[in-house]
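Trainee: Residue numbers (this note's numbering), protein chains in the order written: chain R, 1485 to 1797; chain U, 104 to 452.
Keep in mind that the hints were calculated from the coordinates and are not lab data.
Source: prediction; values computed, not measured.
Careful: at least some of the hints might be erroneous.
[What the hints assert, rightly or not] Lysine-lysine pairs mimicking BS3-like chemistry, simulated, CA-CA at most 27 Å apart:
#	chain 1	residue 1	chain 2	residue 2
1	U	K242	U	K345
2	U	K242	U	K327
3	R	K1794	U	K446
4	R	K1732	U	K242
5	U	K327	U	K345
6	U	K446	U	K327
[Claimed, not checked] If we take Cβ atoms under 10 Å as the criterion, some of the chain R residues that face chain U in the derived model are:
#	residue
7	T1654
8	I1720
9	Y1768
All C-beta atoms, glycine included, are put in the ideal place defined by N, C-alpha and C.
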Amino acid sequence: MDWFEILWTTSFWVAAVRIATPLILGTLGELVCERAGVLNLGIEGIMTLGAMAGWMSVFMGADLWTGVILAAIVGALMGALHSMLTVSLGLSQHVTGIGITLLASSITYYIYRMVLPEVTSPPRIEAFTNYPIPLLSKIPWIGEALFNQSPLTYLAFILVIIVGILLYRTPLGLAVRTTGENPSAVEAQGMSVIGIRTGAVMFGSALMAIAGAFLTMSAFNAFFFNMINGRGWICIALVVFASWHPGKALFGALLFAAFDAYQMRLQQVIGSAIPYQVFLMLPYLLSIVALILISRRVAIPQALMIPYRKGER
Amino acid sequence: MRLEPRTEVSLSRFIFAPIVAVITSLLLCSGLIIWSGASVLEAYWMMLTGSIGSAFALAETLSRATPLIFTGLAAAVAFRARFWNIGAEGQLYAGALMVTFLGTGDMNIHGILLPTILFIGSFTAGSLWLFVPSLIKVKFQVDEVVTTLLLNFVMLLLVSLLLEGPLKDPMGLGWPQGAPVLESAELPRLFQGLRVHAGLIIAIILAIVIWQFQIRTTLGYEMKAVGFSRDASQFAGMRVGKILLITAFVSGGLAGLAGYSEVTGLKGNLTLDLSPGFGYTGIVVAMLAQLHPLGVVGSAFFVACIFVGADAMSRSVGVPNYIADVVVASSLLCMLVSMLQVKYRIRWK
Chain R
1485 MDWFEILWTT SFWVAAVRIA TPLILGTLGE LVCERAGVLN LGIEGIMTLG AMAGWMSVFM
1545 GADLWTGVIL AAIVGALMGA LHSMLTVSLG LSQHVTGIGI TLLASSITYY IYRMVLPEVT
1605 SPPRIEAFTN YPIPLLSKIP WIGEALFNQS PLTYLAFILV IIVGILLYRT PLGLAVRTTG
1665 ENPSAVEAQG MSVIGIRTGA VMFGSALMAI AGAFLTMSAF NAFFFNMING RGWICIALVV
1725 FASWHPGKAL FGALLFAAFD AYQMRLQQVI GSAIPYQVFL MLPYLLSIVA LILISRRVAI
1785 PQALMIPYRK GER
Chain U
104 MRLEPRTEVS LSRFIFAPIV AVITSLLLCS GLIIWSGASV LEAYWMMLTG SIGSAFALAE
164 TLSRATPLIF TGLAAAVAFR ARFWNIGAEG QLYAGALMVT FLGTGDMNIH GILLPTILFI
224 GSFTAGSLWL FVPSLIKVKF QVDEVVTTLL LNFVMLLLVS LLLEGPLKDP MGLGWPQGAP
284 VLESAELPRL FQGLRVHAGL IIAIILAIVI WQFQIRTTLG YEMKAVGFSR DASQFAGMRV
344 GKILLITAFV SGGLAGLAGY SEVTGLKGNL TLDLSPGFGY TGIVVAMLAQ LHPLGVVGSA
404 FFVACIFVGA DAMSRSVGVP NYIADVVVAS SLLCMLVSML QVKYRIRWK
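One chain only, chain R, in its complex shape (with noise of 0.2 Å):
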């Protein structure tokens, strides 16, 4: 197979879309805090908890889709507990956000081996397997990539049209954006800010949670230590990378996870010249490329990692 060949296979589509999934939930919900004004580093650690929280439930005898909502609800009480700090108390959102992911990923382990202290390969789930949409499923090509998938992967596709609605279109989302860029006009409206800002970190947070759990329930029916691996941080490039807008945020995952797809297939093709760790280290360094060519005309939420106390400016 040639390097260039690969784009007309199926199969690499189908694993751009797959790969793509984590972090399109990921990103969203990223970009939710964010757009509220709190930058949300506790993403790696919150997405750990939730891979492990929806793995653990399964395991323990609870169905796929109970799985799911529990990792949601873990992954909202961690930015429960990050708004409580950073929001209502005004801290570092930066120091705050790395102690969340450190704490949540302690956490994660240390349930892990009390659970299974013995256990040397870890113990497989039945995940979810994928459901091919009648018809749809049929249109060549594309059909297979997008519309026979795991239903996690429907669930963020429509989650970023949901979302996407409710930022532009409702009432509630303007208070959201206002609150991310203005914050004293939504206390003025006589809304509360940090309500606001509260349930947005928290259902951000419940996002990362599912983006996690479809790793170790949809991807993989297993949980790893570290498996992870960085794709938080990248979440939160993507969120700039998006501009801090759903559509593009889809767009920027989907962007991300072809190339990320490529350069897996390549790696067979091109064989050992080149040490796979080459390969392995373009996700990362494409992400600081992205954020550097971007910069330039970001249009950051204006009150992003200002804190608001009600009376000071």
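With chain R fixed as given, assemble chain U onto it according to the hints.
Mentor: This is chain U only, laid out in the frame that chain R set:
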């Protein structure tokens, strides 16, 4: 919930803040210990005796504290200027890589020269690894948190690449590990048969030097001012970009020295598991120390106690040793709240 600024900041509150934070954190984590079925008091007692209960344990704790002082200082210097260097992990490996580049193989440099070269080399390597994101920050206003974090992953892959390729130890029985550093480059052990080494002395001296630098020099003051307010510093005629770059240079270099000290003092060669997250733990160390260089020495010792003690506790009462990471992470969050309490009164209404 409402915050009221305190009219005066009392010294006792300032000093008790970390102690209160740590006690709160230990209380919170005892829930997890109870879940494991162990007795909380026995578990914490094991932690204490396992970390400082014997000369051997104490030496182990001190050797674990050594890299944490370096990475803690790296974070403290950067955070003081509100430059969020989360990439100490990568910079540590950059320093360790440089030590492997320069300090292994056949060489005939004697005396103090080789250690000096390695010291400067690893400092520079760490600095340069952080220089990339800090330049991107100053030139393009790209938030340094994400770039420094992503570069950690790049550095680990680079180390893996080099250890499987050009830097692989031919005598390493096929393991991806670097060749051992030359004997003349090794940092001496402080006591016969114990793992604590001269890196600890270097770390403490550096902490004192940085402390003096911060309170006695103009640049040290400017770094603080830049952290307090970018705009005000600019207005006062400081060159904010340049000051940030210098801050990054020092911070990255300190993290690079952690790699130097670990390779030449403790491990003897570079492996992929040289650092179990020292870079990230350094952030906690710096925050517990309220970013004070001398405080870093104390808080690094405390955090090392938690880690070494947790290993002992896990062996004797069967609590998974991930409890250490939980205690350290929750100490960080408790510390943030505790530091806020120093300046504000939190009113629940």
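Trainee: With reference to the structure, classify each hint as holding or not holding.
Mentor: The hints, checked one at a time:
no. : hint              : in the structure
1   : K242/U to K345/U  : holds (11 Å)
2   : K242/U to K327/U  : holds (21 Å)
3   : K1794/R to K446/U : holds (17 Å)
4   : K1732/R to K242/U : holds (25 Å)
5   : K327/U to K345/U  : holds (14 Å)
6   : K446/U to K327/U  : holds (18 Å)
7   : T1654             : violated (28 Å)
8   : I1720             : holds (5 Å)
9   : Y1768             : holds (4 Å)
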